[in-house]
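Novice: Heads up: the protein sequence lines correspond to chains A and B, in order. For the first sequence, position 13 matches number 29 in our numbering, and the numbering has no gaps at all. For the second sequence, position 15 matches number 1265 in our numbering, and the numbering has no gaps at all.
Bear in mind the hints are in silico, worked out from the structure with no lab data behind them. Warning: the hint list may mix true and false statements.
As the list claims (entries may be wrong) - Calculated lysine-lysine pairs in the BS3-like style (CA-CA distance at most 25 angstroms, straight line):
#	chain 1	residue 1	chain 2	residue 2
1	B	LYS1270	A	LYS317
2	A	LYS231	A	LYS356
3	B	LYS1320	B	LYS1284
4	B	LYS1406	A	LYS306
5	A	LYS307	B	LYS1364
6	A	LYS38	A	LYS231
7	A	LYS317	B	LYS1256
8	B	LYS1320	A	LYS307
9	A	LYS307	B	LYS1270
10	A	LYS38	B	LYS1364
11	B	LYS1292	A	LYS306
12	A	LYS317	B	LYS1284
13	A	LYS307	A	LYS356
14	B	LYS1266	A	LYS307
15	A	LYS231	B	LYS1406
16	B	LYS1255	B	LYS1320
To be verified - Sample of chain A residues at the chain B side, in silico, Cβ under 10 angstroms:
#	residue
17	PHE39
18	VAL49
19	SER51
20	GLU130
21	LEU151
22	TYR153
23	ASN192
24	LEU238
25	PRO239
26	GLY240
27	THR258
28	ARG261
29	MET318
30	SER321
31	ALA364
32	VAL366
Note that beta-carbon positions come from the ideal geometry of N, C-alpha and C, so glycine has one too.
Given next are the chains, with one letter for each unit.
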Amino acid sequence: MNDMSKYVSRVVKSIPPSGIRKFFDLVSQTEGVVSLGVGEPDYVTPWHIREACFYSLEQGYTMYTSNQGLLELREEIAAYEKRRIGIEYSPAREILVTVGVSEAVDLALRALVEPEDEVLVPEPSYVSYAPGATLTYGKAVPVQTYDVDEYRLRPDVLESCITPKSKVLILSYPNNPTGGIMHRRDLESLVDIIIKNDLIVIADEIYSELTYNGKHVSIASLPGMKDRTVLMNGFSKAFAMTGWRIGYACGHPDIIGAMTKIHQYTVMCAPIMGQKAAIEALRHGQAEMKKMVDNYNYRRKMILSGLREIGLDCFEPRGAFYCFPSIKISGMSSEEFCEKLLLEEQVAVVPGNAFGASGEGFIRCCYAASINNIEEALARMEKFLNRHKK
Amino acid sequence: MELEKKILNLIEHDAKISPKAIATMLDETEEKVKAIIDRLEKEKIIIGYNAVINWERVGDDGVTAMIDVKVIPEREVGFNRVAERICRFPEVRCVYLMSGTYDLSVVVTGNTMKEIAWFVSHKLSTLDNVQSTVTHFVLKRYKQDNFIFEKAEEDKRLVVSP
Ligand SMILES: Cc1ncc(COP(=O)(O)O)c(C=O)c1O
């Protein structure tokens, strides 16, 4: 085969391959795996939402929508965000429906970041932000968060990473992979720094409904922050709709307008089937969602107590559906631990360093799995640790 | 009361769940959960525990019928006396009082259709106050007590994802 790689653009080549991808290949070749390595709900989309999509297809809704998304959906989103975080966004000018939060992140970075601009990414971090910044010829700057702080972003650490080139701060809470959240006071402690340094915040709040014991607070709702925040949310996690590919961004019309410009020339619009389903989710999905969240909460407590019982240190994650325990007692690196655990006990968890260097020494365990699978995985991990404990 | 309801909800969906697991999920002690379950059992709030079994899979072709029963209610006791009598037959699985065109719905299981027919003609129809019966045989079970019979929905997700 010819080597065509010389044709691939330098910037794409400069992006390291995903640590998750590598591990995925390994897991796929293994039989009998109990997986806590998944990053999505274990629920299928609630039936009434699927059914609403069938109905829309029967009615012949198979066409493009406006670039911004169906007005009906944007109106529902506006009402939902008002309920969720108390902010009013104009459906006409301040909301854009996207192909998942994934696209919203990409659009915002492309709309905001110029070559050499710095994007501050608190780490451990979801895998998309840094490559997204690189693709716009910007520079992702990792900002460390620590397990002793329950992975909250500390103002002093943030401040120490800011340079004259800093332009965008990513805030992704509840956090993937750690399950950490930011309380109101934690967010408040960042506002002065953000304003003083003229930063724009990309707030990825896709896990916000999965906040346990208490209500999620959005940075956008703090004084002076609405215009500075590009708020992102989606249906994948809260409504178990990952495959539908529907998310959205809310923010100042200048920024949403710029994002819409890119969106209209690159994807045109989000798929109409997903948009129709999303309308149903927002109108009638609250009760099912609440049930799912209650069940995640049960499993969160099960896995946390189980991990601690088998000797792994873990702070209490208060959001999303991940635990992020330390594997220090094994004396292994994250990758070594995950590979051995997979080969010896057929349990899949994700190495923490797949989410940035600061995830080294930790693993991500997703508890969007059945209770039986969680218990089985814990039993196997216990055997594993008993063999390898230092 | 709230706690009791939460425990009942968990048990209703999975009777095998351990008191320890319930305690972890609800931030309570195992002892307290055990004590509450004991009491709920004694007070017959938890009436019993069943498994949902797909007998066909072990080659057992038992028959289930749902029988609509019309009853002449009795002074003072209404339908209760006859309903309670019907309950006593071991082949009867469920008895419900219904609104609508008949009075009692009776679910019966047996080894063969003949066995059930015999039960209806000899035992059920002959009870005083039973006016008429209509027997419907179950042909196939798709879902029972929350469980889908054929293929349980398998996990279709990728095993690892970001
Ligand atoms: C923090 C975070 N943001 C965004 C996404 C992607 O969401 P979507 O399915 O809406 O593209 C994920 C998915 O794992 C995520 O964990």
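Novice: Now tell me, hint by hint, if it's right for this structure.
Specialist: Do the hints match the structure? See the list:
Our distance criterion of 25 angstroms between C-alpha atoms is met by LYS1270/B and LYS317/A, whose separation comes to about 12 angstroms. The suggested pairing of LYS231/A with LYS356/A is violated, with an alpha-carbon distance near 39 angstroms, which exceeds 25 angstroms. For the hint pairing LYS1320/B with LYS1284/B, the CA-to-CA distance comes to about 43 angstroms; that exceeds 25 angstroms, so the pair is violated. Simply put, LYS1406/B and LYS306/A have alpha-carbon atoms about 23 angstroms apart, close enough for the 25 angstroms limit, and the pair holds.
Pair hint LYS307/A plus LYS1364/B does not hold up; C-alpha atoms about 45 angstroms apart against a cutoff of 25 angstroms. At roughly 36 angstroms between alpha-carbon atoms, LYS38/A and LYS231/A are farther apart than 25 angstroms, so this suggested pair is violated. The hinted pair formed by LYS317/A and LYS1256/B meets the criterion: a straight-line CA distance of about 15 angstroms does not exceed 25 angstroms. Distance hint between LYS1320/B and LYS307/A is unfulfilled; the C-alpha atoms sit about 40 angstroms from each other, more than 25 angstroms.
Pair hint LYS307/A plus LYS1270/B holds up; C-alpha atoms about 22 angstroms apart against a cutoff of 25 angstroms. Distance hint between LYS38/A and LYS1364/B is unfulfilled; the C-alpha atoms sit about 62 angstroms from each other, more than 25 angstroms. With a C-alpha separation of about 32 angstroms, the suggested pairing of LYS1292/B with LYS306/A is violated against the 25 angstroms cut-off. The straight-line distance between the Cα atoms of LYS317/A and LYS1284/B is roughly 18 angstroms, inside the 25 angstroms bound, and the hint therefore holds.
Restraint check for LYS307/A and LYS356/A: not satisfied, since their Cα atoms lie roughly 36 angstroms apart, outside the 25 angstroms limit. For a cut-off of 25 angstroms, the pair hint linking LYS1266/B to LYS307/A stands: about 20 angstroms separates their Cα positions. For the proposed pair LYS231/A and LYS1406/B, the alpha carbon gap of about 31 angstroms is over 25 angstroms, so the pair is violated. For the given pair, LYS1255/B sits about 36 angstroms from LYS1320/B by alpha-carbon distance, which is inconsistent with the 25 angstroms threshold.
A cut of 10 angstroms between beta carbons decides the hint on PHE39/A: the least distance to chain B is about 6 angstroms, and the hint holds. For VAL49/A, the interface hint holds, the least distance from its beta-carbon to any beta-carbon of chain B being 6 angstroms, beneath 10 angstroms. Here the hint on SER51/A is kept, as its CB sits about 4 angstroms from the closest CB of chain B, short of 10 angstroms. For GLU130/A, the shortest C-beta to C-beta distance to chain B is roughly 27 angstroms, which exceeds 10 angstroms, and the interface hint is violated.
Annotation: LEU151/A was flagged as interfacial toward chain B, and the flag is violated, the nearest CB pair being 17 angstroms apart, outside 10 angstroms. This hint is violated: TYR153/A has a C-beta 23 angstroms from the nearest C-beta of chain B, more than the 10 angstroms allowed. Here the hint on ASN192/A is kept, as its CB sits about 8 angstroms from the closest CB of chain B, short of 10 angstroms. Nearest Cβ of chain B to the Cβ of LEU238/A: about 29 angstroms, over the 10 angstroms cut. The hint is violated.
Annotation: PRO239/A was flagged as interfacial toward chain B, and the flag is violated, the nearest CB pair being 34 angstroms apart, outside 10 angstroms. The interface hint given for GLY240/A is violated, since its Cβ lies 33 angstroms from the closest Cβ of chain B, which is over the 10 angstroms cut-off. Residue-level restraint check for THR258/A holds (minimum Cβ-Cβ distance to chain B is 8 angstroms; threshold 10 angstroms). For ARG261/A, the suggested interface contact is broken, since its CB lies about 14 angstroms from the closest CB of chain B, more than 10 angstroms.
At about 5 angstroms, the closest approach between the beta carbon of MET318/A and any beta carbon in chain B falls short of 10 angstroms, and the interface hint on this residue holds. Interface hint at SER321/A: satisfied, since its Cβ lies 5 angstroms from the closest Cβ of chain B, which is below the 10 angstroms cut-off. The beta carbon of ALA364/A is positioned within 10 angstroms of a beta carbon in chain B (closest approach about 6 angstroms), and the interface hint is therefore held. Because the smallest distance between the Cβ of VAL366/A and any Cβ of chain B comes to about 6 angstroms, under 10 angstroms, the interface hint for this residue holds.
Of the hints listed earlier, those the structure fails to meet are numbers 2, 3, 5, 6, 8, 10, 11, 13, 15, 16, 20, 21, 22, 24, 25, 26, 28, in rising order.
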